[in-house]
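Asks: First to last, the protein sequences are chains A and G.
Note that this note's numbering numbers the first sequence so that position 9 is 1, with each residue one more than the last.
Here this note's numbering = 1-based position in the second sequence + 378.
To be clear, the hints were calculated from the coordinates, so they are not data collected in a lab.
Any given hint could be a false lead.
[As the list claims (entries may be wrong)] Simulated DEER-style distance windows between Cβ atoms:
(1) A:R193 / G:A384: 44 to 54 Å
(2) A:A192 / G:G512: 42 to 52 Å
(3) G:A515 / A:F220: 53 to 63 Å
(4) A:I138 / G:A515: 55 to 65 Å
(5) G:N433 / A:A5: 14 to 24 Å
(6) A:P206 / G:A515: 35 to 45 Å
(7) G:A535 / A:A5: 23 to 33 Å
Glycine is no exception: its CB is placed at the ideal position from the N, C-alpha and C atoms.
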Amino acid sequence: MSDDLERLAERIATDLGEVRWADGVRLRTRARRRTVRAVVAAPVAVAVLAAVVWGLLPAPRAAAPDNPTSSLAPSPSPSMSRSADPAVTRKVVQGDPAWFSLVALLQPADVGDGVFVEEMDEQQPQTYGAWPFPTDGCPAYAGPRISTHSRYRFMRWATMVHTGPSGNFIDQLGVQTRRYTTADAVQVVEDTQSLLRACARYDAPTEASSKFKPAHAQVTWTILAQGFAGDQSLLVRMRSISVYDDTGESTGNDIAAAYAIVRVGDLVAVIVSEQDDFQQTLALAKKAGARLCEASATC
Amino acid sequence: MNQADAFDELYRASRQRLFGYVYAVTGDVAEAQDAVQEAFVRAWQHWPSVRDHPNPESWVRVTATRIAVSRWRRTRTRVLAHLRHGPPESVPEPGTETVEVVAALRRLPEEQRLALALYYLAGLPVKEVAAETGVPAGTVKARLSRGRAALARLLAAQVEVGDV
Chain A
-7 MSDDLERLAE RIATDLGEVR WADGVRLRTR ARRRTVRAVV AAPVAVAVLA
43 AVVWGLLPAP RAAAPDNPTS SLAPSPSPSM SRSADPAVTR KVVQGDPAWF
93 SLVALLQPAD VGDGVFVEEM DEQQPQTYGA WPFPTDGCPA YAGPRISTHS
143 RYRFMRWATM VHTGPSGNFI DQLGVQTRRY TTADAVQVVE DTQSLLRACA
193 RYDAPTEASS KFKPAHAQVT WTILAQGFAG DQSLLVRMRS ISVYDDTGES
243 TGNDIAAAYA IVRVGDLVAV IVSEQDDFQQ TLALAKKAGA RLCEASATC
Chain G
379 MNQADAFDEL YRASRQRLFG YVYAVTGDVA EAQDAVQEAF VRAWQHWPSV
429 RDHPNPESWV RVTATRIAVS RWRRTRTRVL AHLRHGPPES VPEPGTETVE
479 VVAALRRLPE EQRLALALYY LAGLPVKEVA AETGVPAGTV KARLSRGRAA
529 LARLLAAQVE VGDV
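Excised from the complex, chain A in its bound form (with noise of 0.2 Å):
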């Protein structure tokens, strides 16, 4: 027996030697941004450090802990980098039409006491490609291909967490806003609603799966509102639930997730959440059009 656990070590830093890693400095810059948005949060308001963070004003050429020429400006995520589309090479800065402020992406505020952002960054056109809904399992989506979604011109993302009683940051949820024309905007939406209702129930691989132990998930997504924010709005639910082939038994990975998507005008808004209370997903949902409204031409 402690032959297993003996040789574990040695068989997984030869199974997962090749993963990738971040590098040090990425690491760096998502703790720096943390800091200074705790920063920004205090009560002592510092109306021009907010400005700056917000994106609202150029960042000065401020010191930081391991760099002193660093600036507090977002970086792009280098882990979604792709070779740009030659026909897509300029940058979109604040000035173009297709750039929006922090104000179009749900605030910590907007969610509640003591809730904060982990992590936060923009995308330019072209480097990040994912669909927000995991529906990679599922066989309708392996069919037509739905692209889209990825011809954002713009887009901003967070993720936002709050303490737990035990000193842990518990995740609360992700947000994303983007920007497209209006029509790949109206586009997006009505392909999200046509895939969730292809994709509506089907069997995944599940990790929980071994060679001796077979599982396999049970997905479902289910839309439960529509129009109820912004031009076109939606509120979903994703359950996953993995089972064992031969007993049906639950392996205990069972996973729910909500999710809603909003659009006003040429912006649309993603939001994710772990904690299953729809009630509040569809709030947050309402929050986000109000926010996609003020940076919104069209409202």
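Based on the hints, put chain G in the right spot on chain A.
Replies: Using the frame of chain A, we list chain G on its own:
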């Protein structure tokens, strides 16, 4: 060596080892990597404390464990990771034997799983396992003993099923 370099060195030297340990605890490759990287982000936020800790790697390991365990206790999904990063890039898949042992580990009570992972994968002596888990050394030994026995039964049952 400046602070950033010291951090980078700790990160490079220990991340793979921590990753293996957290993977053994959670059985989820992507979650394990996310937990380790998140622990290092928090380590930088608290760098003076980490730098001056008698064992900085231990500080990061305890943090990664808390992140991983709290997530897995809540049957954490990958949904937020998916939102942040998109579908996981093709990560290396563990071999069958590795998956079998880790799957069996996951079926053990949490305290036995952590004790076995700290002892065998993080390579800590009993005394340090006791310090990290906040229990007496005798309790650690009992958890190791019960954990080994339970794991042996689970793996033996798997072998019998495989023989049929």
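Asks: If a hint holds in the structure, say so; if it doesn't, say that too.
Replies: Each hint, compared with the structure:
| no. | hint | verdict |
| --- | --- | --- |
| 1 | A:R193 / G:A384: 44 to 54 Å | holds (52 Å) |
| 2 | A:A192 / G:G512: 42 to 52 Å | holds (46 Å) |
| 3 | G:A515 / A:F220: 53 to 63 Å | holds (58 Å) |
| 4 | A:I138 / G:A515: 55 to 65 Å | holds (57 Å) |
| 5 | G:N433 / A:A5: 14 to 24 Å | holds (21 Å) |
| 6 | A:P206 / G:A515: 35 to 45 Å | holds (39 Å) |
| 7 | G:A535 / A:A5: 23 to 33 Å | holds (27 Å) |
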